[in-house]
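S.K.: Residues per chain are reported as follows:
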Amino acid sequence: MKSSRLRRLVAAPYLVWIVGFTILPLITIIYYAFTERGTNSFTFKNILAIRDPIHFNALVLSLWVAFLSTLICLLLAYPLSYILSKLKNGRGRFVVFLFVLPMWMNHILRTLALQNLLSNTGVINGILEFLRLPTLNIMNTPTAIIIGMVYTYLPFMILPIYNSIAKIDDGVIDAAYDLGASGFTVFRRLILPLSLPGIISGITMVFVPSISEFVIADMLGGSKTLLIGNVIEQEFTVGSNWNLGSGLSVVLMVFIVASMVIMQRYDGDGEGAALW
Amino acid sequence: MVKKLFSFIQKFYVAIIFLILYSPVIVLMVLSFNDSKSRVIWGGFTLKWYSRMFNSSIIVETFIVTVTLALLSAAIAVVLGTAACVGIEAMRRRNKQIVLGATNIPLLNADIVTGISLMLFFSRFLNAGFPTLLIAHITFELPYVILSIMPRMRQINTNAYNAALDLGATPLYAFFKIILPEIFPGIITGFIMALTMSLDDFTISYFTKGPGVSTLPTMIYSELRKGVKPEMYALSTLMFLAVLILLVIVNLKGSPMLSKPFANAKNGGKKHAQTMRYRR
Amino acid sequence: MEKDIIIDLKDISVSFDGEPVLNNINLYIRDNEFITLLGPSGCGKTTTLRIIGGFLKPDTGRVIFEGKDITDLPPNKRQLNTVFQNYALFPHLTIAENIAFGLKIKKKSKEYIKDKIKYALKLVNLEGFENRMPQSLSGGQQQRIAIARAIVNEPKVLLLDEPLGALDLKMRQSMQYELIRLKNELGITFVYITHDQEEALTMSDTIVVMNKGNIQQIGTPEDIYNEPKNAFVADFIGESNIIDGIMLEDKLVEILGAKFPCVDTGFGRNKPVDVVIRPEDVDLVEPEKGTIKGVVTSLLFKGVHYEMDVLANGYEWLVHSTDMVPVGREVGIFVDPYNIQIMHKPISEDEEASSDEE
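Chains as they are written, first to last, in this note's numbering: chain A, 1 to 276; chain B, 1001 to 1280; chain C, 2001 to 2358.
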């Protein structure tokens, strides 16, 4: 039909935009990743540089920190979402809104705020000192990074889990009780499996940004604790070996895509980024 | 008794997590009014950090850049995104899926990779500066705009649009009269989301801004290396409040983010006005 | 107390947020009875069912099941099962797993469960559906599975909460017969909830008409239809002409200024009453042969009969008749004294008189 062809044409500027500023930049980074610095000849060197102990340790630490942060977020968020889901509809939505609100605070500001609390001369230690209790010394350690990640990404876990639990039809739960199920059975055989899509998208939404995180590590982890994000960032800002940085970025991207593919396999309903 | 204890534990748990999430923000806000430079000692209430902030030409300049960038990029993203939605909806299923898949790339990719790939790409053609920043912001805002408009687009009855054409309307007229009013709430939501995302972004701006330009987050980040100034607390407080207000507006407008309708279809027990067939 | 009573609700009252939902309900249910709670939405019928099912604890009153007080027993400990509105099938489990849910909790053997699933699917005419998922079934099929899932547990009482509400008219009618057949085959008690009076009249042994948290009338479908106890029941069950009247003396009532002989007694003299006349009981005769005169103002063909409006003495009478009278024709209205129902006026506008026992 003529009119629908005309309509499709309206999307043309957007298509040009995606190709120009999403697809081509990705091709560019891949090009850099596979070429030699200066000579522009093809090489695997930048990719294989991940085997360098510094890079490799940073990647392992990133994955480990991301794993622990995701796990802690899940353990904190699930009971919370479950409790909130039992609030009456309107109230529950509002409370969840309050819990998600800090997510919208600027990343830098949020981390700055946390730095204030955790630093050795910060608010928490100030209070501890006042109470004559032993002070904490967690600043510039992986622990501080994990606290920062949990603080930053907890809302990403709460929202999808809450949505999936709240979506469960009350009638289904009544039906299970009616058929003789105990509270525990209802949880194990209904609520947990039915909220699995929310858990999966929560895990994805926490794990994926945490593996590439560099601001939190920079501001809370000090200069000694390097995550793969920091290594990449430094290649572009301090080291200015763009090819190496691109190579490591591509490796990181592979891990991101892999973790999303793994998660997608468990997420039958395609409920993925259901943040919106 | 046990039930009461259980309910208390639940409330306590919710309160603790709430406190953990908000305490840093609250501390930041409190410190922005603290007359002492110390992070621990309360030196009395003051607004001097706010006045100092407004008197700092760097901060004011950066503020103007940030807001201009947010408004301009959001406006362009909304125009591009609306046109895109109109066109995408008319596409065949497969093409539609491909385009929507590509739309999701910046959403799913790590910000650092998006930022770096844009930076590398720009370095071949453009000097980094405000224009590159603008393009980068439009790029990562577009998925949010499209995600806000697309669901509304889907709800539109295609027949209404076709009927308008059938009655002699030009496609453009039909768009403004039939489609635009229907998707308008989505456009507004998309605009505010884009605005929020722009103000919120650090990572992508950090890589694409170039040496001469700064946004507030990147400025704070670089200032941090020189030590934290209380002006930053004041600035943070204001920025948080600005985003807060935008979010409240979005949610009052019923964005899909938090007002997902519950499928709680109860049968309205209306009395049937049908004739009784029960004969004696 | 009768021996065959299986459930006895005694003085049940419930209020939500200070709003009374049930006012002192007393109701007993006999073994092997098909009893229907009928009423408009918000009348308290679902609340009553939830109390029987154990999902809601009454503020006051007791629930007696086979002579034992089960008021405080949670739903998972009660020997009855519910078929829920919108079916409430477990979306992540297959049909077989759905049906097996209650049996697995009771730790039945694998063979027993297998046989039971087979038997239940056969009973609801859905053999071979074991491995399907609930979403792949039509509404009517899901409904049958919901019933199968409940009855494999061999409940003594099956509670059905508007089970046919979401189905289309055709499906609803065929499911009505299906349910009656099932009930006869299983020989258990059905407590059925509906707002559809036709459904109630077709299926039930006993109907309980409810409104605003009160039981209005309990009786057989014939009783309820022919002898409505008050204007609400008359209006809710079928269509009626409900007219203000004055009981002049025993067996004589004045309606719209004319004197109609009737058969009711004991209302006293010159007492205001509600007079209920079913549309099919209004006979249209020659103008001078009727008790009052009127003019036909509208005429509709309804298939089995004609529906007419007749304006007489300022009231628009609804008339059903197999004979057609054209619009504009002057007619006389005659009602057989047996077909005039006289009822007390409700005590207040809000609360129809709460009725006592059956």
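One or more of the hints may lead you astray.
Said to hold, decoys possible - Here chain B is said to cover these stretches of chain A; the calculated rule only asks that three of the stretch's residues, wherever they fall, bring their Cβ under 8 Å from a Cβ of chain B:
| hint | segment |
| --- | --- |
| 1 | 11-21 |
| 2 | 44-53 |
| 3 | 102-109 |
| 4 | 173-181 |
Stated by the list, open to error - Derived pair list, reagent style DSBU-like, types lysine-lysine, alpha-carbon separation capped at 35 Å:
| hint | chain 1 | residue 1 | chain 2 | residue 2 |
| --- | --- | --- | --- | --- |
| 5 | A | K88 | C | K2068 |
| 6 | B | K1004 | C | K2106 |
| 7 | A | K88 | C | K2345 |
| 8 | B | K1096 | A | K86 |
| 9 | C | K2156 | A | K86 |
| 10 | A | K86 | C | K2229 |
| 11 | B | K1226 | A | K86 |
| 12 | C | K2229 | C | K2010 |
| 13 | C | K2212 | A | K167 |
| 14 | A | K45 | C | K2068 |
| 15 | C | K2108 | B | K1003 |
| 16 | B | K1048 | A | K167 |
| 17 | B | K1096 | A | K167 |
What the hints contain is simulated information worked out from the structure, not anything from laboratory work.
These figures come from a predicted structure and were not determined experimentally.
We put the beta carbon where it would ideally sit given N, CA and C, even for glycine.
S.K.: So if I understand the rule, the pair passes when the alpha-carbon distance is 35 Å or less; does K2108/C with K1003/B pass?
M.R.: Distance of about 32 Å is within 35 Å: holds.
S.K.: Compare the distance between the alpha carbons of K88/A and K2068/C with 35 Å, and conclude whether the hinted pair is satisfied.
M.R.: With a Cα-Cα distance of about 34 Å, the restraint between K88/A and K2068/C holds, given a limit of 35 Å.
S.K.: What's the verdict on K2156/C and K86/A, does the C-alpha distance respect the 35 Å limit or exceed it?
M.R.: Answer holds: K2156/C to K86/A is near 32 Å, not above 35 Å.
S.K.: Do at least three Cβ atoms from the segment 44-53 of chain A come closer than 8 Å to Cβ atoms of chain B?
M.R.: violated (count 0)
S.K.: Holds or violated: the segment 11-21 of chain A covered by chain B, criterion of 3 or more residues with Cβ-Cβ distance under 8 Å?
M.R.: Answer holds; 8 residues pass the 8 Å Cβ test.
S.K.: Could you grab the alpha-carbon distance between K86/A and K2229/C and see if it respects the 35 Å cut-off?
M.R.: violated (43 Å)
S.K.: Count the residues of the segment 173-181 of chain A with a beta-carbon closer than 8 Å to any beta-carbon of chain B: does the count reach three?
M.R.: Answer violated; 0 residues pass the 8 Å Cβ test.
S.K.: Between the alpha carbons of K2212/C and K167/A, is the straight-line distance 35 Å or under?
M.R.: Roughly 31 Å separates the two Cα atoms, so the pair holds.
S.K.: For the pair supplied as a hint, K1048/B and K167/A, is the alpha-carbon distance within the 35 Å limit?
M.R.: Roughly 49 Å between the alpha carbons, so the hint for K1048/B and K167/A is violated.
S.K.: Given the hinted pair K1096/B and K167/A, is their alpha-carbon gap at most 35 Å?
M.R.: Roughly 28 Å separates the two Cα atoms, so the pair holds.
S.K.: Compare the distance between the alpha carbons of K1226/B and K86/A with 35 Å, and conclude whether the hinted pair is satisfied.
M.R.: violated (48 Å)
S.K.: Given the hint that K88/A pairs with K2345/C, test it: the Cα-Cα distance must not exceed 35 Å.
M.R.: violated (41 Å)
The structure fails hints 2, 4, 7, 8, 10, 11, 14, 16 (numbered hints given earlier, in ascending order).
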